[in-house]
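For chain A, the structure is supplied; the task is to place chain B with the ligand on it using the hints.
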Amino acid sequence: MSAPPESCASRDGYGRALLRIAEDPRVVVLEADLGKSTKSCLFRSEYPERTVSLGIAEQNMMLVAAGMASSGKIPFASTFAIFTERAFEQIRNGIARPGLPVHICGSHGGIHTGSDGSSAQAIEDLAIYRTIPGMTVIHPCDDISAEELTIQLVEMGGPSYMRTARNKTMRQYDYENMEHLRIGRGSVLREGSDVAILACGVMVEMALNAASDLSDEGIESTVVDMHTIKPLDNQLIDRLSERCGCLVTAEDHITFGGLGGAVAEWLSLNRPTPLEMVGVADRFGESGGTDDLMEAVGLTPTGISNAAKRSISRRNAVS
Amino acid sequence: MRLSLDELTEMARKCRKDIVRMTNAAGSGHPGGSLSAIDLMVALYGTNLSFRVDEPEWEDRDRFILSKGHASPAMYAVLHQMGILAESDIMSFRKLGSICQGHVDMRWTAGVDFSGGSLGMGMSFGLGCAIAAKMDGSNRLVWVMVGDGETQEGQVWEAAMAASHHNATNLKVIIDRNGIQNDSFIDAQMEIGDIAAKFSSFGWDVKEVDGHDLASVVGVIDWAANTQERPVAIVANTIKGKGVSFMENNPAFHGKAPTDEELGLALEELA
Ligand SMILES: Cc1ncc(C[n+]2csc(CCOP(=O)(O)OP(=O)(O)O)c2C)c(N)n1
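Those protein sequence lines, which keep their order, are chains A and B.
For the first sequence, this note's numbering gives the first residue as 1, with consecutive numbering after it.
For the second sequence, this note's numbering gives the first residue as 1, with consecutive numbering after it.
Extracted from the complex, chain A is given alone in its bound form (with noise of 0.2 angstroms):
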């Protein structure tokens, strides 16, 4: 299959997915008024019969979700991934507590959503549900590895949260070169020895670009798109934290239990080594062109290069 021509969002590939896994009649989708936000109106387009429309009731759809998965389907119900949140209790006890397999995508997640403002940038989503027990919890980087992952998703079994992103973001993956992208393994896009970047959504671009920013001055990073925060890649982190002696996370999220969270959590219990998170501080967004609102919030390349030096240096200090 030859890649879409346009570059997109992280939605567009959850969109392309399910009219992928239609094929599968298992495969039913679920909205609440934003299908032509989160793309599930592709599904609903061509399979009209097979998408449920529950209206602006989020909590009723993930009820409806789960009782279709427990009659034999597989839901793929969405809708902005704040407003996946209000449903918290709903997917916590009503489809994660029977283990049923529902697959949550939160569209228009992190600041970079933009001009809506704060009551749409979800922050803390990734933080949320990592917590639920048998959760997997998934955020990709592009339109390409969001299609992928969803399809795996199919015959994965429990239940998931995805989030994707709103904005386009550049492509890191293309159909012929997908043997290494699997739910629960971080992928490395690139490799070098003196810091290691772990990235997930938005910010893998940005984490790449702090690389070449740092490889300037001489500095050699490893980039992860760690796509999946639950499970966790633990191998892979031991891995570069051995190799590189200091990681730095990126995300589009608060560094409170995200990706940041997760790898420190792991980092302290088992392998202590020097970490820098860039995330959210510990406030909400507000509204502003993406870019602006990115820069504000120092969500940027510089942010990541700058979390870099001193995770260096921490470890320098340390040896």
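Read the hints as simulated data drawn from the structure, not as lab findings.
Even glycine gets a Cβ: it sits at the ideal position worked out from N, Cα and C.
It is possible that part of the hints are untrue.
As the list claims (entries may be wrong) - Negatives, chain B to chain A, calculated, CB over 12 angstroms:
| hint | residue |
| --- | --- |
| 1 | 83 |
| 2 | 86 |
| 3 | 169 |
| 4 | 179 |
| 5 | 193 |
| 6 | 210 |
| 7 | 212 |
| 8 | 227 |
| 9 | 267 |
Unchecked claim - Label pairs and their computed distance ranges (CB to CB):
| hint | chain 1 | residue 1 | chain 2 | residue 2 | range |
| --- | --- | --- | --- | --- | --- |
| 10 | A | 231 | B | 2 | 49 to 59 angstroms |
| 11 | A | 22 | B | 215 | 42 to 52 angstroms |
| 12 | B | 188 | A | 283 | 41 to 51 angstroms |
| 13 | B | 188 | A | 238 | 56 to 66 angstroms |
| 14 | A | 45 | B | 188 | 47 to 57 angstroms |
| 15 | A | 269 | B | 197 | 53 to 63 angstroms |
| 16 | B | 108 | A | 155 | 22 to 32 angstroms |
| 17 | A | 22 | B | 227 | 29 to 39 angstroms |
| 18 | A | 86 | B | 271 | 49 to 59 angstroms |
| 19 | A | 271 | B | 83 | 53 to 63 angstroms |
Chain B with the ligand alone, transformed into the frame defined by chain A:
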């Protein structure tokens, strides 16, 4: 299965004994709302519900969603009478490792179709089962039991609206209208008013019934099973704690197990 009225009456009596025995043995649990619901559940399982004792997970079974999942003793008592749960299962209720969890849980108990405990979710879950059944071209029915206090949850009304929109004619909801919730009487906590009128205004077919008159209950269940034009609600007027005099209409026995002495009195009354 089609039990006679006498058989249903006898089965309900045995279930009531098990409800008080189970909660007493556990030292906790919810006897009041189990006793108000038990006649309805016995009538459903004993007449209309299609299921297989030797294959509780049979895909094309009718579903029974106990949305008021705290009435688990009623669920376990019925499944015991049906031969799906053993005496040792129900008497281990709420103990570590028991398949009879404090609130009904489909992950733990074969024969249980829903994981309850958080009120307000079962109608939505039932709607999902009902939509899936229609997609499969199956005639299986989905029955949901909700508490009257539970209808204070907004999600119940999200589900009511959605069921109507999706014309879930295979969805059958029974409201256990016992007038009591956790803290006290419903009219003191938050009156829910004319529940039948509310459901009919959402586009449902509704009937009221005396939830302890087994002949009427069987009649209304048959009516609900055969009414296939709109989603169906049965408002069952019941008495919380029904069958044990000191528990009847007594909010104290919502979530309190009988002591050994109370158990003795209850079993005498249910002899
Ligand atoms: C969402 C939620 N809030 C609170 C509770 C605690 N709780 C358990 S039972 C109950 C009262 C239920 O009343 P009702 O629905 O009338 O049930 P019944 O009287 O039939 O037992 C409450 C508040 C709960 N289980 N779920």
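Enumerated hints in conflict with the structure, sorted upward: none
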